[in-house]
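Take these sequences, add in the hints, and give me the full structure.
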Amino acid sequence: MISGGWTGSRRLGFINKDERMNLGFVGLGKMGHRMAIKLLSGKHQLVAWDRSVGACQTLREDCKRLGPELGLLDLAEDVADMIGKLPRPRVTWLMLPSGEATESVLGSLADLAEPEDILIDGGNANYKDTEKRFKIFKEREVRFLGIGVSGGIIAEGMGYPLMVGGDKSAYEYIRPILVTLSEPYGGFGYFGTGGAGHFVKMVHNGIEYGIMQSLGEGFGVLHKAPYNLDLLKVARLYQKGTLVSGFMLDRAAEVLEKNPNLADIVGIIAESGEARWMIEQAREEEVEVDIINQSLEYRKKSQTEANIQNSFTAKLITALRNAFGGHEIPRSNG
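So in our numbering, spot 165 of the sequence shown is number 1098, and the numbers just go up one at a time.
It is worth saying that the hints were derived from the structure and are not from the lab. Note that the coordinates shown come from a computational prediction; the quantities given were computed from them, not determined experimentally. Heads up, some of the hints might be wrong.
[Said to hold, decoys possible] Here are the simulated SDA-like cross-link-like pairs (lysine to any residue), alpha carbons at most 25 Å apart as the crow flies:
hint, residue 1, residue 2
1, Lys1191, Ile1241
2, Lys1065, Pro1048
3, Lys1233, Glu1150
4, Lys963, Phe1180
5, Lys1234, Ile1140
6, Lys1061, Met1091
7, Lys963, Cys989
8, Lys1157, Ser1265
9, Lys976, Leu1005
10, Lys1191, Pro1109
11, Lys1191, Glu1261
12, Lys971, Val1038
13, Lys963, Ser985
14, Lys971, Arg993
15, Lys971, Gln990
16, Lys963, Gly1032
17, Lys1018, Ser1037
18, Lys1191, Ile1144
19, Lys1173, Gly1143
20, Lys971, Met1181
21, Lys1018, Pro1109
22, Lys1068, Ile1140
23, Lys1065, Lys1101
24, Lys1191, Leu1165
25, Lys1065, Arg1216
26, Lys1061, Lys1018
27, Lys1101, Leu1019
28, Lys1166, Asn1255
29, Lys1234, Glu1261
[What the hints assert, rightly or not] The calculated label-pair distances, taken between Cβ atoms and stated as ranges, are:
hint, residue 1, residue 2, range
30, Gln1227, Ile1069, 34 to 42 Å
31, Val1220, Ser985, 37 to 45 Å
32, Lys1068, His1137, 18 to 26 Å
33, Pro1048, Met1181, 41 to 49 Å
34, Pro1020, Ala1043, 15 to 23 Å
35, Lys1071, Gly1259, 29 to 37 Å
Using N, Cα and C, we set each Cβ at its ideal position, and we do this for glycine too.
Structure (structure tokens):
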């Protein structure tokens, strides 16, 4: 059962001043930078660090531009400096790519964290890795959370959907942070111990692959129709309460408004790993996931097959990934 969380409620904005929190924040990329700004806008106090000096400077400059209504920002020289500046119990949120970067920082934090401290992995981690980390940190009496973060780059304004798993007491403790990140139209919920939150996010991303593939294929058929259809007009009508309306169709309308023919886009579609993990999990559970599997295979083929790269379907999927996630769009030279 989901515990806590709101969706679509501006009541999220009312945070008691005593609930404003101090936290460390590691990782100031496309998502991390925006989340840090949103937390500071909620008057939380951040000690932030990124291995890129430029990313730290950009955050400082944006804070100066936004003015004194933000919470206090302190930039750390390294992870140890960040931990040393935080009050106990120390809360640290990581927004890093899964893999070596996360392992390195968590290794450093493992040496620095003390009992009752809270560590949060907000990246797209494999839930099995999160499960292992949860158990390791629990033995050290350090509270670990794996939080799946969705909504892409537009969630800074709309609110992040946050899928939480791990230590229940840590979840309760950081609720003010979750409230700020999810306002005004996002939400959050606790799904269980260990890797439960990242499991829910993994399945979400698998579903996302199928939705994007369907939109790409549908508009690919419309693009080749014998009627010279205005695809933006079609998209805008589809938005008006149809069964295919929603977040991703809204992004499709934005894409088509800016670039109706998707000119100069090359449909090379990257895959982040989570749909692959979901398919592997489905096989373990003996659950059929044909649509998601075929969507993943299509992305793999797009890496090398020119007929897919030049298709309207693949171009639209590529443009959608940029619209909601800021992912780079391959461009043709011609």
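Exercise. Quick check: which numbered hints come out false for this structure?
Worked result: Violated: hints 6, 10, 22, 26.
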